[in-house]
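Go ahead and model the full structure; you've got the sequences and the hints to work with.
Each protein sequence line maps, in turn, to chains A and B. When we follow full-length UniProt numbering, the leftmost residue of the first sequence carries the number 1, and every step to the right adds one. When we follow full-length UniProt numbering, the leftmost residue of the second sequence carries the number 1, and every step to the right adds one.
Some hints here could point you the wrong way.
The list makes no distinction among identical chains, and a pair is therefore deemed to hold if it is satisfied within one copy or across any two copies.
[Claimed, not checked] Cross-link-like lysine to aspartate or glutamate pairs, in silico, EDC-like; alpha carbons within 20 Å at most: (1) Lys19 - Asp216; (2) Lys19 - Glu217; (3) Lys138 - Glu72; (4) Lys138 - Glu217.
Keep in mind that the hints were calculated from the coordinates and are not lab data. Bear in mind that the values here come from a model prediction, so they are computed numbers and not experimental data.
2 protein chains.
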Amino acid sequence: MLAAVLQVRPLDESDPAGKSALHVLLWQRALEPEQGKWSLPGGRLGADEDLTSSVRRQLAEKVDLRELAHLEQLAVFSDPRRVPGPRTIASTFLGLVPSPATPELPADTRWHPVDELPPMAFDHAPMVQHAHHRLAAKLSYTNIGFALAPAEFALSTLRDIYSAALGYQVDATNLQRVLERRQVITRTGTTARSGRSGGRPAALYRFTEARYRVTDEFAALRPPG
Amino acid sequence: MLAAVLQVRPLDESDPAGKSALHVLLWQRALEPEQGKWSLPGGRLGADEDLTSSVRRQLAEKVDLRELAHLEQLAVFSDPRRVPGPRTIASTFLGLVPSPATPELPADTRWHPVDELPPMAFDHAPMVQHAHHRLAAKLSYTNIGFALAPAEFALSTLRDIYSAALGYQVDATNLQRVLERRQVITRTGTTARSGRSGGRPAALYRFTEARYRVTDEFAALRPPG
DNA sequence: CCAAAAGTGTTGCCGTTACACCCATGA
DNA sequence: TCATGGGTGTAACGGCAACACTTTTGG
Numbered sequence: 001m002l003a004a005v006l007q008v009r010p011l012d013e014s015d016p017a018g019k020s021a022l023h024v025l026l027w028q029r030a031l032e033p034e035q036g037k038w039s040l041p042g043g044r045l046g047a048d049e050d051l052t053s054s055v056r057r058q059l060a061e062k063v064d065l066r067e068l069a070h071l072e073q074l075a076v077f078s079d080p081r082r083v084p085g086p087r088t089i090a091s092t093f094l095g096l097v098p099s100p101a102t103p104e105l106p107a108d109t110r111w112h113p114v115d116e117l118p119p120m121a122f123d124h125a126p127m128v129q130h131a132h133h134r135l136a137a138k139l140s141y142t143n144i145g146f147a148l149a150p151a152e153f154a155l156s157t158l159r160d161i162y163s164a165a166l167g168y169q170v171d172a173t174n175l176q177r178v179l180e181r182r183q184v185i186t187r188t189g190t191t192a193r194s195g196r197s198g199g200r201p202a203a204l205y206r207f208t209e210a211r212y213r214v215t216d217e218f219a220a221l222r223p224p225g
Numbered sequence: 001m002l003a004a005v006l007q008v009r010p011l012d013e014s015d016p017a018g019k020s021a022l023h024v025l026l027w028q029r030a031l032e033p034e035q036g037k038w039s040l041p042g043g044r045l046g047a048d049e050d051l052t053s054s055v056r057r058q059l060a061e062k063v064d065l066r067e068l069a070h071l072e073q074l075a076v077f078s079d080p081r082r083v084p085g086p087r088t089i090a091s092t093f094l095g096l097v098p099s100p101a102t103p104e105l106p107a108d109t110r111w112h113p114v115d116e117l118p119p120m121a122f123d124h125a126p127m128v129q130h131a132h133h134r135l136a137a138k139l140s141y142t143n144i145g146f147a148l149a150p151a152e153f154a155l156s157t158l159r160d161i162y163s164a165a166l167g168y169q170v171d172a173t174n175l176q177r178v179l180e181r182r183q184v185i186t187r188t189g190t191t192a193r194s195g196r197s198g199g200r201p202a203a204l205y206r207f208t209e210a211r212y213r214v215t216d217e218f219a220a221l222r223p224p225g
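Structure below.
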């Protein structure tokens, strides 16, 4: 079991207001094979747990990560030669951490931008690509954004999160209307303080549901009615 | 490994022109546990093969099925108590067989309509549901229909296939335009003979590509341009 | 000529994008 | 008051569904 844990975070740690990008949590291998290369966190399945609980446990134990807002299965990688030695099957997962959280991490683990991956161990690079692709797709037709955003947020913040996760600029105006029409986000009624350089204070929103939901099932060939 | 192999076939074997429905290939257990109940075909992974090849091999060996036009991973079922005895993990697959094919089957295997499943062994019923749901979703935004349809077909035939797979009536008029605009289907130029009771002869179509392809990636939040 | 089946034209609706315009605040 | 960021209005576009209408065949 391997998990691609994704989070939108600032590119420069010391500048929380700077540009942000989608990051993946990696740890650096201390031993051969592939020593020094970076790999996805994970571990072996226990005898009395299912895959999902196991991933949660591994992430809590090994990288002390407990803030997972979403976790779902991706593909199983089963090529007999994907790793040296005895045949190992990897079941991969996509995990999402909300944006402002900054969990404590062990020394050998670090967040890396998904667009500039370091040298990756084994077949872990395509796994990250797969996770990224799945996330981008689901941002368009589900409410999965709740797992990347803070509990309350201004629309400009949400725009930055979507832009980072999708890899292109998203217009806040249209993002608002798409998500409001689908009732994915709701106004809280409160407003944020205006920023350093003035400007109108932003209305705050939250995701209507904090559970994964498909909001736009069919693009074509809809059922009649 | 377990495979939900789906095909659109006539409800009444002796009447190929009658109503058709989506069927799943099931196999009746001869031994305890769950003797007499129906289960998905599958088997254990060999030492030197990946999951996909293994599924293909199992289906060829055990139910003599070689006409799979599409095969893809579904979810992994890993609840420690999903089957009695030692813990077993099931990786499930969706397989599709084109419509007119009628492969020879062993005596203990049979096609069952997905809407009227017989008593199912273990957790196999939700697996079939999952496969059905995935198929219905992908009919809307991919060219996956090629794996259910004959090489050449009239639009009314394709309408029947889509209707059976989706579970509701599809309008041939709009189906044509949706699939032609996306260049999923192409006219062959030939026409079929007209039916028994007259009527204009139908133009024949084929799927432009016989490989799986996503044709309608984003419903919303499209990249600018 | 009539019935049946296939295919086309047309209309209306809805969701999305793009962009111009108005609003509220701090300096 | 100006600059800055937040928010609304509006128009254009495109995809889809529904349905009336035309075309082509067999009896």
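Exercise for the section: Tell me, in ascending order, the numbers of any earlier hints that this structure violates. Expected result: 1 and 2
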